[in-house]
Amino acid sequence: MTNTKIVSPKKDMIFMAILSAVVLTMPLWLQPFGAAYPDLMQKFMIFGIFAIGYNILFGLTGYLSFGHAAFLGVGSYTAVWSFKLLSMNVIPALLFGTVLSGLFALAIGFVSLRRSGIYFSILTLAFAQMSYNLAYSVLTPITNGETGLQLEQADPRVLDRMSGIEANSSLPTPNLFGIEGVGYSGFYICAALMLISFFIYLRIFRSPFGLKLRAIKSNQNRMSYTGYSTRPYLMTAFVISGMYAGLAGSLLAVTDPLAGAERMQWTASGEVVLITILGGVGTLIGPLLGAGIIKYFENIFSAFNDTVLLNAFSFLPDWLAHGVASVVGLFVGEGWHLTLGLVFMLIVIFLPGGIMEGISRLARLVTNRSKSDPKSDTHENKEKEQTSAGEV
Amino acid sequence: MSEYILDVTDVDKNFGGLKALSDINLRVKEGTVHAIIGPNGAGKSTLLNVIVGRLAPNRGRVLLGDQVLTGKEPYEINQLGVARVFQTPEIFPELSLLQNVMVPAFAKREGIFKMNFIKSLFAEKEILEHAEHLLEDVGLLQHKDHLAGSMSRGDKRRLELAMCLGQQPKLFLLDEPTAGMSRHDTNRTIDLLKRIKERGMTKVIIEHDMHVVFSLADRISVLAQGAIICEGTPEEVRNDPRVKEAYLGGETV
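So the sequences go chain by chain: F and E.
Using my numbering, the letters of the first sequence correspond one by one to residues 1 to 392.
Using my numbering, the letters of the second sequence correspond one by one to residues 1 to 253.
Calculated directly from the structure, the hints in this document are not laboratory data.
There could be a bad hint or two in this list.
Claimed, not checked - Listed next, the in silico DSSO-like pairs over lysine-lysine satisfying Cα-Cα at most 30 Å (straight line):
| id | chain 1 | residue 1 | chain 2 | residue 2 |
| --- | --- | --- | --- | --- |
| 1 | F | 84 | F | 217 |
| 2 | E | 108 | E | 19 |
| 3 | E | 170 | E | 29 |
| 4 | E | 72 | F | 217 |
| 5 | F | 10 | E | 144 |
| 6 | F | 217 | F | 11 |
| 7 | E | 125 | F | 10 |
| 8 | E | 72 | E | 19 |
| 9 | E | 19 | F | 10 |
| 10 | F | 11 | E | 114 |
| 11 | F | 217 | E | 244 |
| 12 | E | 170 | E | 72 |
| 13 | F | 217 | E | 29 |
| 14 | E | 170 | E | 114 |
| 15 | E | 19 | E | 244 |
| 16 | E | 244 | E | 72 |
| 17 | E | 144 | E | 170 |
| 18 | E | 114 | E | 125 |
| 19 | F | 11 | E | 125 |
| 20 | E | 108 | E | 29 |
| 21 | E | 125 | E | 170 |
| 22 | F | 217 | E | 144 |
| 23 | F | 217 | E | 19 |
| 24 | E | 194 | F | 217 |
| 25 | E | 244 | E | 108 |
| 26 | E | 194 | E | 244 |
| 27 | F | 10 | E | 108 |
| 28 | E | 114 | E | 72 |
| 29 | E | 197 | E | 144 |
| 30 | E | 72 | E | 144 |
| 31 | E | 72 | E | 108 |
| 32 | E | 144 | F | 11 |
| 33 | E | 170 | E | 197 |
| 34 | E | 114 | E | 144 |
The structure presented is a predicted model; accordingly, all values stated were derived computationally and were not measured.
Take these sequences, add in the hints, and give me the full structure.
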């Protein structure tokens with residue numbers, strides 16, 4: 001078990017450098033996969049932030065929240081309101097989105113963390129569904145109900161107007177002092193924030209605070225006989241992960257200034273659970289991989305439609321091609337969730353530690369076969385370390 | 001400051017109609033080892049649970065030095081200086097041995113709650129050295145990077161001892177520290193406990209194994225059916241006819 005060794009800060013910096021390089025060169029190396037367009041890469045980053053934040057709660061403390069989409073939604077709404085009322089600059093939007101989600105998490109956590117296990121999950125789910133329904137009904141003045149909250153030409157944008165920026169004929173776009181929040185520049189804004197978030201997340205993992213959270217997951221009983229009040233620790237983790245979700249939500253609004261209530265629905269909460277488990281719960285890099293993979297396949301699979309399928313199977317006799325296409329059709333396009341469900345089942349049954357466990361098994365296989373001395377500093381080993389944390 | 005570090009006065013504990021503890025009075029002098037023995041179901045573990053705050057007594061009061069423990073949460077009681085080893089080892093199975101020992105050491109240093117995201121290298125190094133020293137003390141240093149859950153039962157118990165010792169408790173409660181251990185492991189544990197005794201740490205120990213009790217205890221209380229029927233030095237207890245009747249069944253020790 002290498003994960004339990006104290007990792008030197010220097011190794012972490014190397015790790016961060018590698019990660020930054022990999023992330024920032026995404027537009028290049030994603031080209032062959034057909035995923036190098038900004039919209040999708042932004043999603044990788046945003047859901048990456050969402051998932052690593054979620055991992056702080058679920059991965060470290062073991063508390064399974066089924067309501068994190070509520071924080072995503074709060075972040076989005078807040079960001080759009082900040083665009084409408086204050087400025088099209090992304091900084092206040094991100095700031096308010098993150099802080100308000102944190103406050104929201106404080107309130108929900110205050111109630112939910114009185115229980116653990118399944119009761120905690122149900123409480124968070126109930127709160128999220130409540131927020132979702134409120135957004136559609138009572139809170140319509142704030143959320144604009146089913147239409148969703150949108151920007152308008154006539155929005156006050158107090159700060160912008162004060163500094164003399166007037167929207168011209170078209171709707172203004174969110175920007176960071178002129179750098180637009182859409183397209184490639186939008187991707188780089190998201191990427192930079194993801195890397196900053198990841199660095200903080202890495203520090204939390206390595207800190208004594210992170211160690212205590214893991215201890216809570218491991219044996220809460222021993223924790224209380226060891227002189228810790230566990231509630232404030234759980235609360236802190238919950239609020240931090242809520243803020244990560246809020247940041248992700250505001251970024252969704254930055255890249256596409258529109259907020260709808262469906263972002264808070266339980267399916268969205270379920271998605272982040274899925275991403276985290278698929279990648280590897282409690283592993284450092286797993287949630288990022290999970291986010292990338294799910295968003296990538298969602299994009300690929302949901303693009304298939306009947307015509308594409310028929311073309312693909314055109315080498316078969318006509319009657320067979322139709323049959324095969326209709327069967328395969330169940331798994332792609334709108335039905336891609338079926339594929340996701342199947343893959344998820346396979347992962348949970350055969351690789352409970354997620355993709356990270358798969359990678360570490362492969363790595364072990366390779367090192368055993370070649371019987372070479374362990375390469376202490378390689379990326380592979382690093383991942384292995386994290387995976388062992390996730391396995392246990 | 002009274003001369004007793006632990007002072008249990010008139011404690012009653014009922015579970016429904018069952019009187020688990022009645023009129024318990026127990027005083028433990030600083031620096032001594034006090035054993036509590038008694039047949040199964042006599043209320044020994046219940047008494048420990050009352051002391052550490054897991055159970056609230058129906059009547060009576062528990063003092064640690066001059067501080068009242070009754071009504072406090074387990075973590076508060078621990079912060080006041082009471083550490084406990086459980087009948088089945090309560091450790092952190094998913095953490096390494098070293099981390100297992102570091103967590104209580106941080107508790108001792110930082111109190112009930114502290115957020116320290118920024119790792120203070122200085123403090124961490126100190127805690128790390130402290131933890132390694134503790135593991136060395138119980139003979140587990142060579143396994144420091146292993147997962148605690150993968151260790152044998154005897155090793156888990158020794159680990160739990162190290163975790164508690166790391167907090168330098170004023171009062172150390174041990175609930176059958178050698179239960180389920182092999183003879184060899186038992187003897188190692190006795191040696192370890194004797195070494196700790198030399199450091200002047202007050203201990204209350206519940207034990208079935210008379211070999212352990214008589215080789216460690218300064219005083220012994222005998223508990224039967226929720227009441228203390230006899231208290232004295234090992235010699236006195238050994239020769240007390242009531243004890244033989246209630247607990248030893250006439251068998252000589």
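Are there hints from earlier that the structure breaks, and if so, what are their numbers? Checked against the structure, the hints that fail are numbers 1, 2, 9, 11, 13, 16, 23, 24, 25 and 30, while the rest are satisfied.
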